[in-house]
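S.K.: Sequence:
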Amino acid sequence: MQRMAERPGWLKDYRDRWLWEKARLKSRFTAFYQFMAVKYFMVRTEHPATVQAMGFLERLQYRLFSWYNFEMWSVTKIADRLYRDMYLALASGDIDSINNKLKKDISQSLKSRVLSRGKNTEAVWTLDKYHHRPRLVAYSVALIDPNKPKWAQSYMQQAVVELDTDQSLTRRKRTLEKQAETAGQNTARRVREYFVIQKSVIDGVGEDWKIWGMTRPTTIQDVRRDLNKQMGLSDDIY
7 MQRMAERPGW LKDYRDRWLW EKARLKSRFT AFYQFMAVKY FMVRTEHPAT VQAMGFLERL
67 QYRLFSWYNF EMWSVTKIAD RLYRDMYLAL ASGDIDSINN KLKKDISQSL KSRVLSRGKN
127 TEAVWTLDKY HHRPRLVAYS VALIDPNKPK WAQSYMQQAV VELDTDQSLT RRKRTLEKQA
187 ETAGQNTARR VREYFVIQKS VIDGVGEDWK IWGMTRPTTI QDVRRDLNKQ MGLSDDIY
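Here the sequence shown is numbered in the numbering used here, starting from 7 and rising by one per residue.
These are computed hints drawn from the structure, not numbers from a lab.
The structure displayed is predicted, hence computed values, not measured ones.
Positions of the beta carbon are idealized from the N, C-alpha and C atoms, including for glycine.
Watch out, some of these pointers could steer you wrong.
Unchecked claim - Distance ranges between label pairs, derived from CB positions:
| hint | residue 1 | residue 2 | range |
| --- | --- | --- | --- |
| 1 | R90 | L121 | 18 to 28 Å |
| 2 | S122 | R231 | 27 to 37 Å |
| 3 | K125 | Q204 | 31 to 41 Å |
Make a model of the complete structure from these sequences and hints.
M.R.: So, in structure tokens, the structure goes:
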């Protein structure tokens, strides 16, 4: 979803703003409902016999406060670390070093970007400044197979994190004769990206978080398009 300053104004574009806010609230409620349903009714980390053997207070604490493999509270830090790892590997050209953190098509895309800049070009990437802390934009949980036992369930977590930073990229050319480096050109700019990461839990065992790619914030045009599809109308109605 767009940041506050980019949303339609209440006074100038009341109709668009109300439409946008309804879509935002519906999306948040749906994600929250799905998460609570999965946490409290569809997933367990202990076999039922083990839970029955617990005392009342221990069982209550387990049901209410055990977060299993959910990492909603720490996902912004995880995304920030993976974001840095990805751009450092892209700059160095060593995508293989983070292959285990990448979705397959993302790995191929990054390798293509490395090849496109040429073998004799090196890059140094730095993250200079955060304009604000990484912000969790969306978090969702989806079961892969609802028919599996609760204590050996398989599901996916996906998070979208906004990172608003100042970044620098310095490119250097290598000369073939002496393998010396020529002076590089430094490019510094503000970058705001919506970083998508995903984690699978298979048969109750959690895998590592992986980089899924980038997305963009939902705009009023997206909301209109979705509404028109639901109503069977043309996108040109607005």
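S.K.: For each hint, tell me whether it holds in the structure or not.
M.R.: Now for the hints, and whether the structure bears them out:
1. R90 - L121: 18 to 28 Å: Holds, since R90 and L121 (Cβ atoms, about 22 Å apart) stay within the stated range.
2. S122 - R231: 27 to 37 Å: holds, 33 Å
3. K125 - Q204: 31 to 41 Å: Holds - the Cβ-Cβ distance for K125 and Q204, about 32 Å, lies within 31 to 41 Å.
Checked against the numbered hints given earlier, the structure satisfies every one of them.
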